[in-house]
Amino acid sequence: MASGRPSALRGASLREGARAVAPLTPAVVAFGVSFGVLARASGMGFAAPVVMSATTFAGSAQFAAASILGGAGSVAAAIGAAVLLNARYAPMSIAAGPGFEGPRWRRLFLSQLIVDESWALAARGAGRFDMSAIVGAGLVLYPFWVVSTAIGVLVGEGLGDPNRLGLDAAFPALFLALLVSQVRTRPALAAALVGAAIAVALIPVASPGVPIIAASAACLLGWRRV
Amino acid sequence: MSEPWLVVAVVGVATIAFKAAGPVVLGGRELPPRLGGVIELLAPAVLAALVVTQLVGGERELVFDERLAGIAAAAVALVARAPLLVVIVVAALTTAVARGLELGAL
Numbered sequence: 001m002a003s004g005r006p007s008a009l010r011g012a013s014l015r016e017g018a019r020a021v022a023p024l025t026p027a028v029v030a031f032g033v034s035f036g037v038l039a040r041a042s043g044m045g046f047a048a049p050v051v052m053s054a055t056t057f058a059g060s061a062q063f064a065a066a067s068i069l070g071g072a073g074s075v076a077a078a079i080g081a082a083v084l085l086n087a088r089y090a091p092m093s094i095a096a097g098p099g100f101e102g103p104r105w106r107r108l109f110l111s112q113l114i115v116d117e118s119w120a121l122a123a124r125g126a127g128r129f130d131m132s133a134i135v136g137a138g139l140v141l142y143p144f145w146v147v148s149t150a151i152g153v154l155v156g157e158g159l160g161d162p163n164r165l166g167l168d169a170a171f172p173a174l175f176l177a178l179l180v181s182q183v184r185t186r187p188a189l190a191a192a193l194v195g196a197a198i199a200v201a202l203i204p205v206a207s208p209g210v211p212i213i214a215a216s217a218a219c220l221l222g223w224r225r226v
Numbered sequence: 227m228s229e230p231w232l233v234v235a236v237v238g239v240a241t242i243a244f245k246a247a248g249p250v251v252l253g254g255r256e257l258p259p260r261l262g263g264v265i266e267l268l269a270p271a272v273l274a275a276l277v278v279t280q281l282v283g284g285e286r287e288l289v290f291d292e293r294l295a296g297i298a299a300a301a302v303a304l305v306a307r308a309p310l311l312v313v314i315v316v317a318a319l320t321t322a323v324a325r326g327l328e329l330g331a332l
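Protein sequence lines, in the order shown, are assigned to chains V and R. With the working numbering as the guide, the letters of the first sequence map in order to residues 1 to 226. With the working numbering as the guide, the letters of the second sequence map in order to residues 227 to 332.
In case anyone wonders, no lab produced these hints; they're calculated from the structure. What you are looking at is a predicted structure, and each value in this text was computed from that prediction instead of being measured. Beta carbons: idealized from backbone N, C-alpha and C, even for Gly. Among these hints, one or two may not hold up.
If we take Cβ atoms under 8 Å as the criterion, some of the chain V residues that face chain R in the derived model are [stated by the list, open to error]:
1. Ala18
2. Ala48
3. Thr55
4. Ala90
5. Pro91
6. Ser111
7. Ile151
8. Val155
9. Phe171
10. Val180
11. Ala188
12. Ile203
13. Ile212
14. Cys219
Make the full structure from the sequences, and use the hints.
Laid out in structure tokens, this is it:
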């Protein structure tokens, strides 16, 4: 973190990002363990779920893929659902792109730390993003996510049903909390309401993942404001 | 390649490409200011959709279950300005308790 280099990660922002996601780590560990358990039960074996957590690093898509593989779903359906779920990272990473500095290979590696949580808390308003906050948050979440997946795969079915523990409600609560921190203006509130309405309308008719992508169209409400 | 590894490989490569799209392909370049207003609204729109899909999303159906009790409790905690961990724990505990009550009633 040599200060003076313009492309250096900023220590204060790294720490800020790390601190902001620290309270999330118990939920991330619980989610990672339950992903490992489910993936193992879905017949993904030991190594594949752990490698998936290390390379994909996006919980909801991983759950979608594992659950489809475990059910009657095809490989194509599993891939399709997971890729659609993660397609939201394209507009998200384009939004955060100008905040990333340094050589290309470094941007490639650091961009992999973009997840919903790190992206949301690195937003600095007016469409600006703090790369160091994304990296600080991601570096905390990443090892917890990968290691807890491995633990889940090892623990196997001994844990019981994660839904009995209410863990499936922890994530909408998490996203609601992040949403509240983002809705500070009237247009932001309108985009949130329209996005939610699009998602509700599409859940019954579209594949998992599509409602999230389609809901991102609500951001077009901001087009005429410039 | 076995089926799980095929899924892991394709989804992994696609996700890495999605995440790198901005920082690597467009990196350093600013977006046109007109787009700024649009991108500013991406976070609230996508987060709202994530709340909805994680809350009532099922396999091509809306599922209204104990998660609603959990999110209601979380909303109360948010209004009371509770820390994030408290909000999450309240949501999980409330949901678990609601499920327990339902099981007890059966």
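Which numbered hints are broken by the structure, listed smallest first? Hints 1, 7, 8 are the ones this structure does not satisfy, whereas the remaining hints hold.
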